[in-house]
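Asker: Sequence:
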Amino acid sequence: MRDISLIILAYNDADSLLNLVPDAYSVLEANFDKFELIVVDDCSSDNTAEMMESFKRKYNNLVYQRNPTNKGVGYNFQKGVKLAKYRSVAYTDGDGQFNLNDLVILYNNKDEFEVVSGNRETRADGIGRWAISKVYNLLLKLLFNVKLKDTNSALKIYRREIFDNVLPLRSNDGFYDAEVIIKSMKYHYTIKEIPVMHYPRQFGVANGVKWKSVLSVLKSMMYFWYGSKK
Numbered sequence: 099m100r101d102i103s104l105i106i107l108a109y110n111d112a113d114s115l116l117n118l119v120p121d122a123y124s125v126l127e128a129n130f131d132k133f134e135l136i137v138v139d140d141c142s143s144d145n146t147a148e149m150m151e152s153f154k155r156k157y158n159n160l161v162y163q164r165n166p167t168n169k170g171v172g173y174n175f176q177k178g179v180k181l182a183k184y185r186s187v188a189y190t191d192g193d194g195q196f197n198l199n200d201l202v203i204l205y206n207n208k209d210e211f212e213v214v215s216g217n218r219e220t221r222a223d224g225i226g227r228w229a230i231s232k233v234y235n236l237l238l239k240l241l242f243n244v245k246l247k248d249t250n251s252a253l254k255i256y257r258r259e260i261f262d263n264v265l266p267l268r269s270n271d272g273f274y275d276a277e278v279i280i281k282s283m284k285y286h287y288t289i290k291e292i293p294v295m296h297y298p299r300q301f302g303v304a305n306g307v308k309w310k311s312v313l314s315v316l317k318s319m320m321y322f323w324y325g326s327k328k
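Using this note's numbering, you'd call the opening residue of the sequence shown number 99 and step up by one each time.
No lab work stands behind these hints, which were simulated from the structure alone. Hints are not guaranteed to be accurate.
Unchecked claim - Here are the simulated distance ranges between beta carbons:
hint : residue 1 : residue 2 : range
1    : N207      : S124      : 18 to 24 Å
2    : L241      : P120      : 36 to 42 Å
3    : E151      : G325      : 28 to 34 Å
4    : G325      : S152      : 32 to 38 Å
To be verified - Calculated pairs, BS3-like style, for lysine-lysine (alpha carbon to alpha carbon, straight line, at most 25 Å):
hint : residue 1 : residue 2
5    : K183      : K239
6    : K177      : K232
7    : K177      : K208
8    : K317      : K284
9    : K281      : K247
10   : K284      : K232
11   : K177      : K132
12   : K245      : K284
Quick caveat: nothing in here was measured; it's all calculated off a predicted structure. Beta carbons: idealized from backbone N, C-alpha and C, even for Gly.
Work out the full structure: start from the sequences and follow the hints.
Answerer: If you want it as structure tokens, here you go:
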């Protein structure tokens, strides 16, 4: 039986979610026997809450959770995982930069690998974020021997049981994605990268391009590295 829990991490993404939620539901309904769509909203200040309540009345198997205060993307990821009930757990961001049909390709490899990650071979979000990502992945390779080309790609699928060992995470910021990969390596879970399409962000501003967010991730990386050496 093909079953999946898809988590969407949202923060002020109402404009993107307007199309992303129906698109996600269509892909899941067409390709899976059982599924659920989980949207975790990190206290958005736009009309995400009102939109999601409307979607809940329209779509079955849609779970919406809103934080009363901003908790961070890593916290939201963990919250989504804890809510997930199916054997395969996938996630994406609420900015709508991926083709969710690629999720089906990732799923079709999950029997051979515990973690399957999308690799954005051609990024569509500018030279600045491309450069930051290159440096970030190089640091992960040097410090943790992570060999993925695109560790922070926001299209991944996991076997649910890995989270028995991987959670809880230390990181509530954007380092959470790398922390999951590093811990998966520690427990000898197999990881596969598969090329996926990537599209320009149509609405809003990505947090990862803000220096405050970049510095927070670097701080979490060094804290995690120091802790791993004890």
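Asker: Hint by hint, say whether it matches the structure.
Answerer: Each hint tested on the structure:
no.: 1; hint: N207 - S124: 18 to 24 Å; result: 22 Å, holds
no.: 2; hint: L241 - P120: 36 to 42 Å; result: 40 Å, holds
no.: 3; hint: E151 - G325: 28 to 34 Å; result: 40 Å, violated
no.: 4; hint: G325 - S152: 32 to 38 Å; result: 43 Å, violated
no.: 5; hint: K183 - K239; result: 33 Å, violated
no.: 6; hint: K177 - K232; result: 28 Å, violated
no.: 7; hint: K177 - K208; result: 22 Å, holds
no.: 8; hint: K317 - K284; result: 21 Å, holds
no.: 9; hint: K281 - K247; result: 17 Å, holds
no.: 10; hint: K284 - K232; result: 23 Å, holds
no.: 11; hint: K177 - K132; result: 21 Å, holds
no.: 12; hint: K245 - K284; result: 13 Å, holds
Violation of the numbered hints given earlier is confined to hints 3, 4, 5 and 6; the remaining hints are satisfied by the structure.
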